[in-house]
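Protein chains: 2
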Amino acid sequence: MKLMLDGMGGDHAPASQIEGAALAGSILDDEIVITGDEKTLEAELKKYKKVPPNISIMHASEVVGMNEDPTSAYRQKKNSSLMVAVKMVATGKAAAVISAGNSGAIMTAALLDIKRIEGIARPAIAVLFPTLKGRAVILDVGANVDSKPINLLQFAEMGRVYVQEVLGVESPRIGLISIGEEDNKGNELTIEAFNLLKKYEKNFIGNIEGRDIPLGKADVIVCDGFLGNVLLKFGEGVAEMLFKLIKSSLKNHPVAWLSLPFLWTAIKDIRKRADYSEVGGAPLLGVKGSCFICHGRSDAKAIKNALIKASTYVKHNTTEKIEESIKGFGNGKY
Amino acid sequence: MKLMLDGMGGDHAPASQIEGAALAGSILDDEIVITGDEKTLEAELKKYKKVPPNISIMHASEVVGMNEDPTSAYRQKKNSSLMVAVKMVATGKAAAVISAGNSGAIMTAALLDIKRIEGIARPAIAVLFPTLKGRAVILDVGANVDSKPINLLQFAEMGRVYVQEVLGVESPRIGLISIGEEDNKGNELTIEAFNLLKKYEKNFIGNIEGRDIPLGKADVIVCDGFLGNVLLKFGEGVAEMLFKLIKSSLKNHPVAWLSLPFLWTAIKDIRKRADYSEVGGAPLLGVKGSCFICHGRSDAKAIKNALIKASTYVKHNTTEKIEESIKGFGNGKY
Chain A
1 MKLMLDGMGG DHAPASQIEG AALAGSILDD EIVITGDEKT LEAELKKYKK
51 VPPNISIMHA SEVVGMNEDP TSAYRQKKNS SLMVAVKMVA TGKAAAVISA
101 GNSGAIMTAA LLDIKRIEGI ARPAIAVLFP TLKGRAVILD VGANVDSKPI
151 NLLQFAEMGR VYVQEVLGVE SPRIGLISIG EEDNKGNELT IEAFNLLKKY
201 EKNFIGNIEG RDIPLGKADV IVCDGFLGNV LLKFGEGVAE MLFKLIKSSL
251 KNHPVAWLSL PFLWTAIKDI RKRADYSEVG GAPLLGVKGS CFICHGRSDA
301 KAIKNALIKA STYVKHNTTE KIEESIKGFG NGKY
Chain B
1 MKLMLDGMGG DHAPASQIEG AALAGSILDD EIVITGDEKT LEAELKKYKK
51 VPPNISIMHA SEVVGMNEDP TSAYRQKKNS SLMVAVKMVA TGKAAAVISA
101 GNSGAIMTAA LLDIKRIEGI ARPAIAVLFP TLKGRAVILD VGANVDSKPI
151 NLLQFAEMGR VYVQEVLGVE SPRIGLISIG EEDNKGNELT IEAFNLLKKY
201 EKNFIGNIEG RDIPLGKADV IVCDGFLGNV LLKFGEGVAE MLFKLIKSSL
251 KNHPVAWLSL PFLWTAIKDI RKRADYSEVG GAPLLGVKGS CFICHGRSDA
301 KAIKNALIKA STYVKHNTTE KIEESIKGFG NGKY
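Chains A and B supply the protein sequences, listed in that same order. Residue numbering for the first sequence follows my numbering, starting at 1 and increasing by one per position. Residue numbering for the second sequence follows my numbering, starting at 1 and increasing by one per position.
The hints are simulated quantities; they were obtained by calculation from the structure and are not laboratory data. Hints may be right or wrong, so weigh each one.
Pairs count within a copy or across copies, as identical chains cannot be separated in the list.
Calculated lysine-lysine pairs in the BS3-like style (CA-CA distance at most 25 Å, straight line) [said to hold, decoys possible]: (1) K244 - K233; (2) K321 - K87; (3) K268 - K251; (4) K39 - K301; (5) K133 - K251; (6) K198 - K233; (7) K93 - K315.
Could you build the full structure based on these sequences and the hints that come with them?
Here it is in structure tokens:
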């Protein structure tokens, strides 16, 4: 299969993109095509003595800026590394697109070119979050704001398929984020979504509270994209704060200060579990093709992992399985 | 001044309530009146050799259960420890009510008996959250769901007065939780609230993202109660997960395992900063009286701290200052 990597999108592009591709290229038997300015990419590629034979470059003269308006970027930069990569998937010439570029522009291009799966009102970004019991998928984390109850139901179903296929969990427990475990607790959106989920998802475990997420109470965690996005970033911030506080607290206990090197090794283990570079990209579920959105600050390892994940995602026919599961789902009443 | 303590509300009532009152009684010169079953409370009080003279008991025959429906509790249990305590504040006979009981019932009673400050559409619960730079106040964390933009503007103004009076921050920086720092990022609610805040709050620093909260970017953090509640509980869960992971990671590093006792002392320091028992209760801002809602699992220390905080709150005339600041605020257009 052919994986399209946006070579110019991201804070560390193209260096991390080229290195990530080189790393993944020696592991995967897929073809990795890197889009972007030919000369720049070739110069970067020359730094590696042994470039795997499954890596190639596809010229794209423009670059979409990280803060550019997504809609104008889509209209005006058809020859950008991002749009060229998306187009290859949209026209069926490639299996997946992976980009650490402007995420709004990736979503716009995916929606308009690759298009939504029939019946899906809104695609969703699904990220892996570390829990005490392993990992959970939270969706949506930013593709949508002001979601409707039906959107949340579809997020749940797409998340279920993704967790079953890619994480190999047989019967994923689906939870809805709310402010109380009782059925009637929540806001207008979640109370209505609760009823839909109860009706159509047999593994729906009900409302879960914020505290239940890291404790691993559910495998698929459903929420509106505004909440999901704030939660994800808040979690990063809380972890950062705690690690800094631990460090400065230990300074006040001279003997404990000696233990810091050992503690650091432990914290590295934990960071690894929570690290976006380990997790790689997050799929945009609900479009008719495979589209992985990576963190803007992705390093080579993150790009490598995203390529591997995209390959697994495609090999498991995840998009087709979502398409299949959505047909007639919820009595087709949406 | 007279502080009313609900002696029967909370997971550890009345033992923690009595002990907390005894602890606070020896520090404060205020009168502490504990409501609840006279015999039970007196028996509990007898356990203490030296009961401060400023502590007294007010009989209340009923108890509101932790999971009881707030509205029926309000209608049917006028003689409960909770309702009797609230009534004392509502009738001007006491300065503040403090309860670790059914928080829905406390809010209902406060709204219906103590009543809202004129011009305040919806009161809000304000909690202190530890940050790298000290502390921030987040509101609302659960009094309201499906807030309107005008509610968020009023939360900001009430939070500003509270932080100025009780935390002594001269010009508190006000931030609005959203999914991007740019002015136009957010959902329907926050985009409209952004414009109101920009117009009426001179220390409004704009949108802040989830990560900025623990990093201490703002002193007053404004959001809808659904989001605030989920965030607060999620933060608890993330901290819990990280502490557990650190512990089990250290087990894999035998030398590091030896450092655990020292590390534990450090973690205790941090927990102390984040601990609800240190913070005590959270005020319900926007009612015509002082009402502190404590965590259901409050121990004696939490109750003690809530009583001290309520006393400071009243001494600073915080309620009156909110009343004053809201008059004509935002051109009185709400």
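Practice task
Tell me, in ascending order, the numbers of any earlier hints that this structure violates.
Solution key: none
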